[in-house]
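Participant: Residue-level listing of the chains:
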Amino acid sequence: MSQRPEATDEGRRRLLKALGAIGAGAAAAGAGLIRWDLSALVAEAAEPAGGKHPWVMVVDLRRCDGCDQCTRACQEMHYLPKDQSWIKVYKMEGPSGMTYSLPRTCMMCESPPCEKVCPVKATYKDEEGIVLVDQQKCIGCRICMAACPYEARYFNFEDLPKTPATIGPATPEHPVPQQKGTVGKCVFCIHQLRFGKIPYCVESCTMAAIYIGDLVEDVATNGRETVKLSQFLKKNDAIRYKEELGTGPRVYYILGHGQDLNH
Amino acid sequence: MHHPSFTRTEIVGAAMRPMLAGRRYWIWVAILSLPVLWGTFAYGYQVSRGLGVTGLSDQFFWGIYETNLVAFIGYSYGGALVSAILRLTGAGWRAPITRIAEGTALVTLLVGAAFALVHLGRPERVWQFFTSPNLTSPLIWDFVAILTYLVATVIFFYLPMIPDLAAAADGLEGRAPRLERLYRFLAAGWKGLSSQHRLLDRALIGMAILIIPVAVTVHSVLAWAFSVHMRDGWHSSIFGPYFVMGALFSGVAMVILITAAARRLFHLEAFIGLVQFRNLGYLVMMMGPFYLYFTFSDLLGESYTLNIGSERLLSLLMVSSYAPLFWGVIFLGILLPTLLIAWPRTRTIAGITVASALVVVSMWVKRFLIVVPTLAVPLVDEHAAVKLYSPTWVEFSITLAAAFAVPALLLLLFRLFPILSIAEIEEESRPAEPVRPYAAGLHPAAESAAGAGEGGESE
Numbered sequence: 001m002s003q004r005p006e007a008t009d010e011g012r013r014r015l016l017k018a019l020g021a022i023g024a025g026a027a028a029a030g031a032g033l034i035r036w037d038l039s040a041l042v043a044e045a046a047e048p049a050g051g052k053h054p055w056v057m058v059v060d061l062r063r064c065d066g067c068d069q070c071t072r073a074c075q076e077m078h079y080l081p082k083d084q085s086w087i088k089v090y091k092m093e094g095p096s097g098m099t100y101s102l103p104r105t106c107m108m109c110e111s112p113p114c115e116k117v118c119p120v121k122a123t124y125k126d127e128e129g130i131v132l133v134d135q136q137k138c139i140g141c142r143i144c145m146a147a148c149p150y151e152a153r154y155f156n157f158e159d160l161p162k163t164p165a166t167i168g169p170a171t172p173e174h175p176v177p178q179q180k181g182t183v184g185k186c187v188f189c190i191h192q193l194r195f196g197k198i199p200y201c202v203e204s205c206t207m208a209a210i211y212i213g214d215l216v217e218d219v220a221t222n223g224r225e226t227v228k229l230s231q232f233l234k235k236n237d238a239i240r241y242k243e244e245l246g247t248g249p250r251v252y253y254i255l256g257h258g259q260d261l262n263h
Numbered sequence: 001m002h003h004p005s006f007t008r009t010e011i012v013g014a015a016m017r018p019m020l021a022g023r024r025y026w027i028w029v030a031i032l033s034l035p036v037l038w039g040t041f042a043y044g045y046q047v048s049r050g051l052g053v054t055g056l057s058d059q060f061f062w063g064i065y066e067t068n069l070v071a072f073i074g075y076s077y078g079g080a081l082v083s084a085i086l087r088l089t090g091a092g093w094r095a096p097i098t099r100i101a102e103g104t105a106l107v108t109l110l111v112g113a114a115f116a117l118v119h120l121g122r123p124e125r126v127w128q129f130f131t132s133p134n135l136t137s138p139l140i141w142d143f144v145a146i147l148t149y150l151v152a153t154v155i156f157f158y159l160p161m162i163p164d165l166a167a168a169a170d171g172l173e174g175r176a177p178r179l180e181r182l183y184r185f186l187a188a189g190w191k192g193l194s195s196q197h198r199l200l201d202r203a204l205i206g207m208a209i210l211i212i213p214v215a216v217t218v219h220s221v222l223a224w225a226f227s228v229h230m231r232d233g234w235h236s237s238i239f240g241p242y243f244v245m246g247a248l249f250s251g252v253a254m255v256i257l258i259t260a261a262a263r264r265l266f267h268l269e270a271f272i273g274l275v276q277f278r279n280l281g282y283l284v285m286m287m288g289p290f291y292l293y294f295t296f297s298d299l300l301g302e303s304y305t306l307n308i309g310s311e312r313l314l315s316l317l318m319v320s321s322y323a324p325l326f327w328g329v330i331f332l333g334i335l336l337p338t339l340l341i342a343w344p345r346t347r348t349i350a351g352i353t354v355a356s357a358l359v360v361v362s363m364w365v366k367r368f369l370i371v372v373p374t375l376a377v378p379l380v381d382e383h384a385a386v387k388l389y390s391p392t393w394v395e396f397s398i399t400l401a402a403a404f405a406v407p408a409l410l411l412l413l414f415r416l417f418p419i420l421s422i423a424e425i426e427e428e429s430r431p432a433e434p435v436r437p438y439a440a441g442l443h444p445a446a447e448s449a450a451g452a453g454e455g456g457e458s459e
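As they're listed, the protein sequences go chains A and B.
Take 1 as the starting number for the first sequence in the numbering used here and just add one per residue.
Take 1 as the starting number for the second sequence in the numbering used here and just add one per residue.
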């Protein structure tokens, strides 16, 4: 990781707007899927449209081969200890005995159970729907870990890996370096998105199985192609993991091998 | 109606025994303090190195610190019961043990509440409970409830002691000026006027009524810190009352245990006899089956849902890793003590004390079985191999320190304050007119037992 650019919303808006334009174009063309080049997209960026847009992810389980590249990229770029997998690839067994891989990020719930139980408001949801932890505030009581039905939260038990001096200071959006004695988790790489870049896991996925998208602009990209989100989800019968719990997860899964995610 | 009657000198003498005790007292204090010092060192080690020195992990993020929090605060319920509920029912037999019960409540509550700090990853930030509270968090409810309960418990320890403090100050006249000044100050101008008696009586009744909902609230919100989560074994509607019943059950047993120790150590046999043990024992005997019923109700529903998590949890509890602990609690911690008290042959001071010791230990284990096995059930890969949590020497040392801190702090507390409620015993042993209707309430034979209590019981 290089030094972080000046914090600004500009990059994010440009990414959004461009994603939106392309998504709309794709819809008009009735194509659903078009090729997409990230650098060209950022260059083409138009003025921000205003308004806030909830980020979502889509994971195409048909493509995931469980290589763990996403986990490694995330750990490396966020300077995580080896036992923290903010995106964790579970090796699952389906009802017919088949096996499949299930990458699990933070689900960025619309109604996050972790936020409700945090005694000191260290966990909060920002205006773009990203659930964040203010590690300057966290007292380390770990009740959020009890509340999360996805095992997405990690406690910093030990000293954290050394980070280069150019990185920091840590913010809830970019918690690098993390603070010992507090809880950390996936942040959807909101620090990347704000500068028009895609999350590390999306970027590193050799199978292009992970998409980052925007519900309002109705687009998503895996770094290689951009899709019109609503059509993509509908066409592929996307589901949300443990949707029945009512947390309103914002990560969609595309099944295809008889997985029983919503048991 | 016959009560053992004592002169004021006798009562005061007995009540001040821990204050005047010599070498043996300090040897006990020293012995009990050693594990506490070791545990304090272990906590210092934990603070400097972080929670990585514990056996906790991202899967078992809670362990025996949370067990201690629930268990020790639970032990404090015996005090609330003896001083509040038994006061309201006018149970005169409780007079010689009220001070011990209230002191036990205070000390166990302090020790239990300390674990709200000990379990934190960042204890130095605890002030954020005041500056940035999230009212939807069960931990904020815990915080408010425990603090309120602590204040109420201090008041409940203090109020009935006011006449005793005045008496103690009089007794010390000129001999220990600093202590005398302290007692004089705390006695708040008590002269034993009838108007003062009326006022104190009213205050005590008011506090007794107030402390009941406060106590119920504390263990309910502790329960809800578990039951609000979507986890098999925790997400249960019975958890509030289940925890309250468990706290009463273990709390009364704790009062019996401490009473037995104090009676032996300070030779209070003339004041505390079979009647106190038996009546408190009846409470334990009644609450044991109640607690068993709650446990059964909780697990029955769980066992019929047939989801993988419930199935794995029940198998862990009943047939695999945690089964020895689980069945140990059921048979040795609930059924055996109940039977020991129910059977007249073992309904002796020794028998009731053994039964209570079994309950006190088992109820700690039971809380462990509520906190930990649920976390052994994985949430995402539901078929993943079971991992177990094993606490480290740091956690064991701190827990042991907590256990020893209770008697150590009690010894120190009763060095400073009379171990018997002088005024209440005096009132109860006043001959001729029955001061209040003797509500033997729990057992009509208590009357005759009170008469025979002094020498009649076998130990």
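Hints are computed from structural coordinates only; laboratory data are not their basis.
Some hints here could point you the wrong way.
[What the hints assert, rightly or not] Listed below are several chain A residues computed to face chain B (Cβ distance under 7 Å; list not exhaustive): (1) Gly94; (2) Val120; (3) Tyr124; (4) Asp126; (5) Phe155; (6) Ala238.
All C-beta atoms, glycine included, are put in the ideal place defined by N, C-alpha and C.
Participant: Each hint should be assessed against the structure and marked as holding or not.
Facilitator: Hint by hint, here is what the structure shows:
1. A distance limit of 7 Å between C-beta atoms decides the matter here; for A:Gly94 the minimum to chain B is near 10 Å, and the interface restraint is violated.
2. Hint on A:Val120 holds. Least Cβ distance to chain B is approximately 4 Å, under the 7 Å limit.
3. Hint status for A:Tyr124: violated, given a least beta-carbon distance of 9 Å to chain B, over 7 Å.
4. Below 7 Å, beta-carbon pairs count as interface contacts, and A:Asp126 has none with chain B, the closest being about 16 Å; its hint is therefore violated.
5. This hint holds: A:Phe155 has a C-beta 6 Å from the nearest C-beta of chain B, less than the 7 Å allowed.
6. A distance limit of 7 Å between C-beta atoms decides the matter here; for A:Ala238 the minimum to chain B is near 18 Å, and the interface restraint is violated.
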